[in-house]
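Enquirer: Okay, here's what each chain looks like letter by letter:
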Amino acid sequence: MKLTISELAISLKGKLIGDGAGQISSVGPIKNANNDTITFITSNKYIPELKRSNAGAVITSQQIDDIATPQIIVTDVNTALIETLNIFAPKLQPRPAGIARSADVAPTAKVSASAYIGRNAVIADGVEIGENTIIDDGCKIGENSKIGKNCRLDCNVVVYHNCIIGNNVIIQANSVIGSTGFGYSFINGAHRLIPHNGGVIIDDFVEIGVSCCVARAKFGNTAIGAGTKIDNLVQISHNVTIGRCCLIAGQSGVAGSGKLGDGVILAGQSGVGDNVEIADGVIVGARAGVTHNITDKALLFGMPAVEKHEAFKIIALTRRLPKLVEQLNQLNKRIEKIENILKQTPD
Amino acid sequence: MKLTISELAISLKGKLIGDGAGQISSVGPIKNANNDTITFITSNKYIPELKRSNAGAVITSQQIDDIATPQIIVTDVNTALIETLNIFAPKLQPRPAGIARSADVAPTAKVSASAYIGRNAVIADGVEIGENTIIDDGCKIGENSKIGKNCRLDCNVVVYHNCIIGNNVIIQANSVIGSTGFGYSFINGAHRLIPHNGGVIIDDFVEIGVSCCVARAKFGNTAIGAGTKIDNLVQISHNVTIGRCCLIAGQSGVAGSGKLGDGVILAGQSGVGDNVEIADGVIVGARAGVTHNITDKALLFGMPAVEKHEAFKIIALTRRLPKLVEQLNQLNKRIEKIENILKQTPD
Amino acid sequence: MKLTISELAISLKGKLIGDGAGQISSVGPIKNANNDTITFITSNKYIPELKRSNAGAVITSQQIDDIATPQIIVTDVNTALIETLNIFAPKLQPRPAGIARSADVAPTAKVSASAYIGRNAVIADGVEIGENTIIDDGCKIGENSKIGKNCRLDCNVVVYHNCIIGNNVIIQANSVIGSTGFGYSFINGAHRLIPHNGGVIIDDFVEIGVSCCVARAKFGNTAIGAGTKIDNLVQISHNVTIGRCCLIAGQSGVAGSGKLGDGVILAGQSGVGDNVEIADGVIVGARAGVTHNITDKALLFGMPAVEKHEAFKIIALTRRLPKLVEQLNQLNKRIEKIENILKQTPD
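Protein chains in written order, with our numbering: chain A, 773 to 1119; chain B, 773 to 1119; chain C, 773 to 1119.
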């Protein structure tokens, strides 16, 4: 794919400043940009670097002065960047509509004619697959599960029975939805599995990464709200409720019956304890562990997680502990000295 | 599935108090229970909530006074709850006995006639699969591995060669048993893999969640004792020994040659260091990391993990550090004042 | 496989001390070694244990005095151990060259005649697979990805499009290479996925464990340097660069655009923050979290990770906090006493 800078400006509905004749064939960061690369700038602090670069053009929301590089001025750089990346995305063959010959689709399953069912995929009885949805090679969709339209389940995804997945959902390779949760009763000296009669509901525009697991509920449903995005190797345990538009980064986990509000962010390798409820908009820092309910918007760090301001103060003070011990020893010596003086003082 | 409360009482061998005519079609927690839902109560503290609910009936071990809701009095609520959940479990088609047409079973493999080998499953030479065992779609069972009876390996489970899995074992989707462990020797400037000649032994009634890995041993066997239950995304490294009836929650890991006694509990996202031995009955708290041997029953928290009492004291005191610093400063001022007074004091 | 001790000494190019007639059929640690087991010794501290053992022979780099056990003296015990383990490795059927009948190989894919493409594997258009490479059962290789020679991709590995994998690479079961990274722009109240136009480059002799994920780059490539070894359940995020000969233990993660030098070691369950750069030879301890650039070789512990010496001092002092509080209280009392004395002192 090659476009002139002028053509690109038109595509992005941007205003061209400078020469629009140059050919662009890729998009990338300022560093290492060649003259067929269009780059982008989200802050004035990168202007010096931009001036030194060979980039063929730059996407910016504000005109940059004193620069020879052709500029495309757009309303929102992030939006324009996504559009530009889409323009220069590697061209892949679209999945064809239809069912691969090696797929095994149960007679009672209802698969939209525009859906793709991949090689060796298994679609069980009572399953419904919506329009334009891609169930890629090696996926297994369990009995009575419903998957909406415009979804993409990548290779080897396993969806157990009675799960409901909305529209425009992406689940990347090897993730598992609807497995039995980790709930046991200790009876007569052994752990007995509590049957998980519930299901999983994944709402529209949810995106789930690689090798995640979303366990089914004992009762009711484990639920993930619309627009929530989940990274790789994340565990969403049984009976968890996750709000809308949350971001859950890699290797994080939410334990059984945890509840996240809307717009919650869990940074990487963080955790939320069982039955813990977290308010809308709370941000949990990397590797933090939330052990109690968080009722108001907050930025949390540490294990157990506390408010950032406090967490950072604690960290700073623990690093000052050697000095504090030294101060304590100094005070002790001064007091001893005083005590000795006072002993000598005639009563 | 619908049952009257009377029928349910008979099924559960419980004593009916109140009207047994109502129809029950599901089981669930008190909250949101409808009049066709049977709920359950494990503590008197929920009685007020129960009184306000519309539940059609309640399972309890002690008769509740002043309540209109029909009660089924049972010896053990947890046991009755499991039975009730089984009664109202979603009805799924049983896996048929036999080998799916698309499965590839080696001629020398011995598969019980009552076992199910799923679509696109691969069963290698010398494998043995016991009675009533389900090897679900897409599973791969490596050379000479033996799987007992009444087991269930869900979709896409991979078992490498020479692994031994007992009876009544459940392994959920996408887990991997018997991969090579992470053991390298640094020789001539490069890490060389140490061959893992050993295997994996998983005893009866072990249950393993989604996307776990149990690595094979260098020598001898990685071993998981009978009745141990493992959640999702857990790593059991090479040469680890896990006792009987342990509970290992999600995203936890045991490093190489670690050894857990019987009844050990690892809470979520916790870790046990390599070669670390943990005594029977030890509980490792969420996100704790055990770095040294634990010789007696204990409840551990933190990283490095220490006994709960100490861990909580440390946490509380670190949170008091700002105050301690303030106290230190106050003492300093008071000493300064004293020192000044003493300087003024005529000798 | 059985060999006499003499035959084994010749194989290992070692010097035999003692009787070489005994038959050896396995290799193992000193503990529990039988008289048909050859054991090995890497430190003199194990000599007493060796003397008590029934091992049939021992591999050592220095002759051991006063011992009846036949010895094979070698230059490097670790190398000899690997060779011995290879000799006694379980004999498995080699994967045959060729394409399994149930595999689906696109017409434009170039597969070496000596490669193995397993059952139900899917090889997309434009893929290249080198000599002697094993793409095991159920693997999916996406469009235009290139895999070198002598590689082994175990069952159910998924490689997305446009990934480049070198020679002698091992990827164990259920790992995923080249998925879309976790990069979103928040636009008009929703998280919009930033397209990931880049790829993944995995260099020669890299080994990756079970259920790992290596995400593709937004621009350019996520890159793993030659000889780097990665354990299970590890996340390598988009645009990460990892140097040569690193060791990344289980359940660790490197966040987006992180950069590791050569020879970096990440111990188990550790993490590296996004955009963090780590110098050659840095060792990150178990469960540590690196939140800022590390410019020199260091051994790090804790979250946030600090140099080991400091981390251990902090840990020790936090454990002394109860005592410090006690000391503070004692000082307070002594000062009070002094203050009272001074009050009584006639001016």
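Among these hints, one or two may not hold up.
The list treats identical chains as interchangeable, and a pair is accepted whether it falls inside one copy or across any two copies.
Pairs of lysine-lysine, DSSO-like flavour, derived with a Cα cap of 30 angstroms [what the hints assert, rightly or not]:
| # | residue 1 | residue 2 |
| --- | --- | --- |
| 1 | LYS823 | LYS774 |
| 2 | LYS921 | LYS1069 |
| 3 | LYS921 | LYS1080 |
| 4 | LYS921 | LYS1105 |
| 5 | LYS1080 | LYS1031 |
| 6 | LYS1105 | LYS817 |
| 7 | LYS785 | LYS1105 |
| 8 | LYS863 | LYS774 |
| 9 | LYS1095 | LYS817 |
| 10 | LYS921 | LYS823 |
Bear in mind the hints are in silico, worked out from the structure with no lab data behind them.
Enquirer: Does each hint hold? Answer for all of them.
Expert: Tested hints:
For the homomeric pair LYS823 and LYS774, the shortest alpha-carbon distance inside one copy (24 angstroms) is at most 30 angstroms, but the shortest distance between copies (71 angstroms) is not. Proximity of LYS921 to LYS1069 under the C-alpha cut-off of 30 angstroms is found in neither arrangement, the shortest distances being 34 angstroms within a copy and 52 angstroms between copies. Neither within a single protomer nor between protomers do LYS921 and LYS1080 lie at most 30 angstroms apart by alpha-carbon distance, with minima of 41 angstroms and 50 angstroms respectively. Taking identical chains as interchangeable, the C-alpha atoms of LYS921 and LYS1105 are never at most 30 angstroms apart, the minima being 76 angstroms within one chain and 71 angstroms between chains.
Taking the shortest Cα distances, LYS1080 and LYS1031 sit within 30 angstroms of each other both inside one copy (21 angstroms) and across copies (26 angstroms). Taking CA atoms no more than 30 angstroms apart as the test, LYS1105 paired with LYS817 passes in neither setting, with 52 angstroms inside one copy and 46 angstroms between copies. For the homomeric pair LYS785 and LYS1105, neither the shortest alpha-carbon distance inside one copy (74 angstroms) nor that between copies (67 angstroms) is at most 30 angstroms. Only within a single protomer do LYS863 and LYS774 lie at most 30 angstroms apart by alpha-carbon distance; the minimum there is 13 angstroms, versus 54 angstroms between protomers.
Neither within a single protomer nor between protomers do LYS1095 and LYS817 lie at most 30 angstroms apart by alpha-carbon distance, with minima of 38 angstroms and 40 angstroms respectively. Proximity of LYS921 and LYS823 under a CA criterion of 30 angstroms is satisfied in neither setting, with 46 angstroms inside one chain copy and 43 angstroms between copies.
Hint compliance for this structure: hints 2, 3, 4, 6, 7, 9 and 10 are not met, and every other hint is.
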